[in-house]
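Can you join these two chains into the complex? Each is in its own frame, and there are hints to help.
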Amino acid sequence: MYLESMLEVLPVEINEKVVDGFRFMPPTLRAWLRKDIPETDYMGEIPWTPLKKPLSRTMFSLMTSAGINLKADPPFDMEREKREPFWGDPTHREIPRDTSQDQIDANHLHVDTSFIKDDINVILPITRFAEFEREGLIGSLAPTCYSFYGYQHDFTVLMEITMPKVAAKMHDEGVEAVVLTPA
Amino acid sequence: MIPEFHRQIGIPRVAGIEYPFGRTVGQVNDVHGQRKVLLETISCLERAKKPGEVFHLPFTWPEEPKETKWHPPEISPILKFFQDEIRKTRQQEKKSGPGL
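Chains A and B, in that order, are what the protein sequence lines are. For the first sequence, position 173 (counting from the first letter as 1) is numbered 166 according to my numbering, and the numbering increases by one without interruption. For the second sequence, position 70 (counting from the first letter as 1) is numbered 82 according to my numbering, and the numbering increases by one without interruption.
With the rest of the complex left out, here is chain B (with noise of 0.2 Å):
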């Protein structure tokens, strides 16, 4: 999932993970893997004081991001809509440096 939209929307409580999207738990039949995310998930319920405040889950995905599965079998009908516009966009960050 991605915390960082926080910035964007405000949101009353985030416990962001670094997980895969469609996976945002764990892998499949993990049992004690899921577990462990969704106790420190709702453990910030009792920890979070004001709105906002965004908890940085400590747990690692086990496989590389080239690695990991997540990506639909097509690419959906938005991104392929402005595939022209993304190239643009990476190849002006290259040039610039990333903004965040």
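Chain A with its partners taken away, still in its complex shape (with noise of 0.2 Å):
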């Protein structure tokens, strides 16, 4: 009785978890990104579309910035960046939803891509959703799913060009929804 009392004063659930976005990352590093992250909530406008259907009729897609191409197509350009470290390969690869492990590469001067090596699922979970359509937990996994290269200093490439694409292929194939995995 004392609990159930104590939970209606409470505005949150006691055990629910609050993420620190910054726990794996060194304190000197931490406290280099975290200066630029303001302290309250953004007050711009956020783009918002409605969820239309039920997740067991929706088509799904998805997208990690972790620079994943097939091997055969051309890696993400690692070469460049270190040459000019304020540029990121913005450019973007196709991933259709029946790649096998051993066609996919990775390439990323940020993390470290081993994981995504051996199971692409840590980062773009293609077989995971293909389960996920197979039980009817969602509607459909899309035929192609992408990759594009998480280190961009300048957007105007990859938001005039790049995602342009992307999203008009999305379209056509008819995707209602994207889950969209950082590296």
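Since the hints were derived computationally from the structure, they do not count as laboratory data.
Keeping only pairs whose Cα atoms sit at most 27 Å apart, straight-line, the calculated DSS-like set for lysine-lysine is:
(1) B/81 / A/10
(2) B/48 / A/45
(3) B/92 / A/75
(4) A/110 / B/78
(5) A/28 / B/107
(6) A/110 / B/81
(7) A/45 / B/61
(8) A/110 / B/48
(9) A/10 / B/61
(10) B/100 / B/78
(11) A/10 / B/48
(12) B/81 / A/28
(13) B/92 / A/28
(14) A/110 / B/92
(15) B/61 / A/46
(16) A/45 / A/162
(17) B/106 / B/81
(18) B/62 / A/46
(19) B/78 / A/28
(20) B/61 / B/48
(21) B/81 / A/75
(22) A/64 / B/81
(23) B/106 / A/28
This is the structure in structure tokens:
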């Protein structure tokens, strides 16, 4: 009875987790990155498209910033970034939903990609979403998923050229929801 | 991932998870764990009622940060470029305490 009355008073559940996005970051890097993040919520306009159907009838695609490419395609350009530290490859790669582990490579100068090379599902969960489709938990997984490269100092090409191409292909395939997984 | 970036740019829906960079969905070949994370994540699509909602996923990574591998083999070019500034910021934070 005592706990119940406490729960009525408390605004959140007692065991509710608050994610610390900097938990795995060394203190030095954490301090440097945190200095530019405001303490208050974003006050600008945020795009919003309501979910139109239950998940069990929704077509999903997946997109990650992890620098994954098919071995048959060119890798993201790491060499230019090594020469020009303020430049990050602004292009994207398509990853078909039935891609097998041995068909992919991953290049990223800011994270360890060895885990992705062992199991793409740690960052682009195409196998898991195919399971959800078979089990009827989602409507379907689209034919195409996507990767781009997460280090972008200048977003111009990414936003004005790359992402419109990605969005157009998603639209053509009938995608209704996208799970974005940052590396 | 860093859900705090939401405060900087505004994101329609965020499912924050306290997992290391490069393994946002979970551990290699952990089918059960990956499924739990993803089902919780897509449930946020149904729970979110207005733009900018941030959901904190209730999962805990099994390793301590110091034991968790996620760093690239070499320091990235941009961090190498700013190495001195990064060190100075940390020294200032130690003196004044974290801002957030």
